[in-house]
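Asks: The task is simple: from the sequences and hints, build the whole structure.
Protein chains: 2
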Amino acid sequence: MRVFNITIAGFGGVGRATAKLLLSRRERYRKVYGADVRLVAVCGSRSGLSDPGGLEAERLDTPAAGLSAPDFVAASGADILIEAGPSDFRTGRPGLAYIRSALAAALPTIDLVDYSLKGCELLEIEGILNATTNFLLDAMTTKGLGFDAALQEAQKGGFAEADPRNDTEGWDTACKLLILANFGLGADLTMDELAVEGLQSVTGDRIEAWRAEGVVPKLVGSLTCIDGKFRAAVGIRTYPLSDPLANVRGKDKAIRITTDAMGDTIAIGSGKEPLATAAAALKDLEYILSARVAVPVSISEPSS
Amino acid sequence: MRVFNITIAGFGGVGRATAKLLLSRRERYRKVYGADVRLVAVCGSRSGLSDPGGLEAERLDTPAAGLSAPDFVAASGADILIEAGPSDFRTGRPGLAYIRSALAAALPTIDLVDYSLKGCELLEIEGILNATTNFLLDAMTTKGLGFDAALQEAQKGGFAEADPRNDTEGWDTACKLLILANFGLGADLTMDELAVEGLQSVTGDRIEAWRAEGVVPKLVGSLTCIDGKFRAAVGIRTYPLSDPLANVRGKDKAIRITTDAMGDTIAIGSGKEPLATAAAALKDLEYILSARVAVPVSISEPSS
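As you go down the protein sequences, you meet chains A and B in turn.
Just so you know, the working numbering puts 194 at position 194 of the first sequence, and the rest follows in order with no gaps.
Just so you know, the working numbering puts 2 at position 2 of the second sequence, and the rest follows in order with no gaps.
By construction, these hints were calculated from the structure, which means they are not laboratory data.
Any given hint might turn out to be false.
It does not matter which identical chain is meant; a pair holds if it fits inside one copy or across any two.
Only pairs whose alpha carbons sit at most 30 Å apart, straight line, appear in this in silico DSSO-like list of lysine-lysine [said to hold, decoys possible]:
# : residue 1 : residue 2
1 : Lys31     : Lys272
2 : Lys272    : Lys118
3 : Lys229    : Lys118
4 : Lys20     : Lys143
5 : Lys31     : Lys229
6 : Lys143    : Lys251
Replies: Printed below as a string of structure tokens:
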């Protein structure tokens with residue numbers, strides 16, 4: 001049986017969930033792929049664990065201080081590196097791989113374009129790609145909360161950062177949209193080409209006016225393709241209640257993809273984090289196992 | 001460049017749309033797969049066309065009488081047979097392949113389970129899998145039409161059969177659900193194990209009561225998996241207006257898949273027929289081209 005040695009870099013909520021889910025699926029990997037999948041190392045920013053024979057779940061709760069940093073990862077002998085560290089859109093670190101996996105979390109996006117809509121010509125994409133802003137807008141609309149009160153509620157729930165601007169100013173949505181455009185659809189867009197609007201302009205008065213009109217506001221990344229040329233933007237769009245996108249509530253995400261031959265295809269995802277992101281990362285692992293070739297899934301430098 | 005000879009059996013709306021879409025994508029197949037895809041034969045129940053060098057779109061409008069039947073298909077020299085004939089659930093002809101392609105029409109189902117949710121454990125599936133019954137229920141609910149009036153409207157629009165019982169009694173939904181269960185999820189269910197209810201019990205009074213309650217009725221195929229054991233049924237379920245499934249209107253279809261790690265994933269499709277079904281069939285063709293191996297996509301006897 002072929003052995004696959006896995007290292008997980010980044011050992012916060014997502015990294016831990018990924019490690020545990022991976023170990024719980026070892027029997028599946030054996031049966032389905034004939035693959036002996038071993039977790040040989042995990043490392044966070046200050047601690048880690050390593051064992052060439054494979055770590056077991058009960059050891060994950062006691063990482064050793066000092067076992068960290070890129071050299072540790074390189075020395076682990078991994079065939080496959082799963083990058084689960086934090087990402088910073090401003091510096092670009094730890095890079096694309098993590099962000100792609102975050103994008104996939106419980107919401108098929110590139111999957112849909114690559115697989116379910118294969119062969120179709122893309123006309124438009126609209127996506128509710130950021131859970132935090134969707135939660136905030138939903139709370140402001142349905143509970144009548146102001147932005148600050150909604151944000152406090154999200155921060156208390158642990159799904160808004162202390163500095164929430166990556167989310168609320170639209171940059172997380174923009175980043176995901178760019179990845180979808182450039183890696184899913186072969187566009188060649190840069191952040192400079194996107195008009196990015198966040199929640200800054202959403203006042204109580206506007207919410208009231210939308211309610212009176214019977215429409216629901218969403219922070220949407222949109223992409224159109226006209227004569228092979230892509231245009232992308234992030235901003236508020238409103239939808240009537242009969243539109244499935246209007247009913248994407250709380251921390252759920254959604255995407256609508258319009259193609260020439262298949263009309264509109266909508267996907268809505270509502271996985272609980274960090275488990276859903278862990279499952280998305282391990283979905284990529286299964287594609288690699290099914291190709292029966294060990295290649296690194298991460299092209300980024302591990303976060304340190 | 002490798003040549004792939006294609007024969008399309010069944011030359012009604014879907015067969016014609018598939019032939020035209022295939023020919024319009026020949027350049028794509030060359031560029032993306034290095035494949036010279038030729039349509040060498042098409043045949044309906046009473047007429048057909050064949051040309052070992054490949055048919056062009058303009059010839060499709062004038063099929064010759066007599067060129068039909070299984071022997072004709074066998075003699076066409078095709079590497080790949082696309083089955084697009086009518087299906088009859090009672091006799092099982094022309095068989096599974098056509099039904100699988102019909103199931104895929106503009107709605108990712110097996111795709112989602114196989115690809116986007118790979119590795120997750122399935123807990124439940126609910127699907128609005130039949131366009132005709134969704135149209136009928138939607139017209140009865142939103143326009144206040146009776147069943148007969150709604151059916152007449154659907155028949156006038158060409159998307160309900162003269163004998164609509166395959167759809168209205170739930171058999172089409174049941175058949176699609178079985179395929180999804182058995183071929184997508186490895187279940188081993190037979191039609192006898194399904195409780196199948198159609199629209200027969202939906203009276204104006206029940207519609208009125210649902211409206212008063214603020215819920216929307218849908219004909220749903222449902223599948224649960226408890227301790228590895230599958231249970232399937234077809235019947236009316238009702239959803240509150242805030243549920244995305246309540247907002248699947250007209251001839252649209254949808255599926256909600258609940259898994260252990262990714263929560264609920266919903267897909268909604270609204271492709272226009274017969275183009276969407278043609279595109280779904282050609283999606284399967286692209287998987288074959290990308291594997292660079294010519295295998296028959298149909299395991300059924302062609303319809304005659």
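Asks: Look at each hint and say if it fits the structure.
Replies: Verification of the supplied hints:
no.	hint	verdict
1	Lys31 - Lys272	within (27 Å within a copy, 40 Å between copies)
2	Lys272 - Lys118	both (29 Å within a copy, 17 Å between copies)
3	Lys229 - Lys118	within (19 Å within a copy, 33 Å between copies)
4	Lys20 - Lys143	neither (36 Å within a copy, 51 Å between copies)
5	Lys31 - Lys229	between (45 Å within a copy, 19 Å between copies)
6	Lys143 - Lys251	within (15 Å within a copy, 34 Å between copies)
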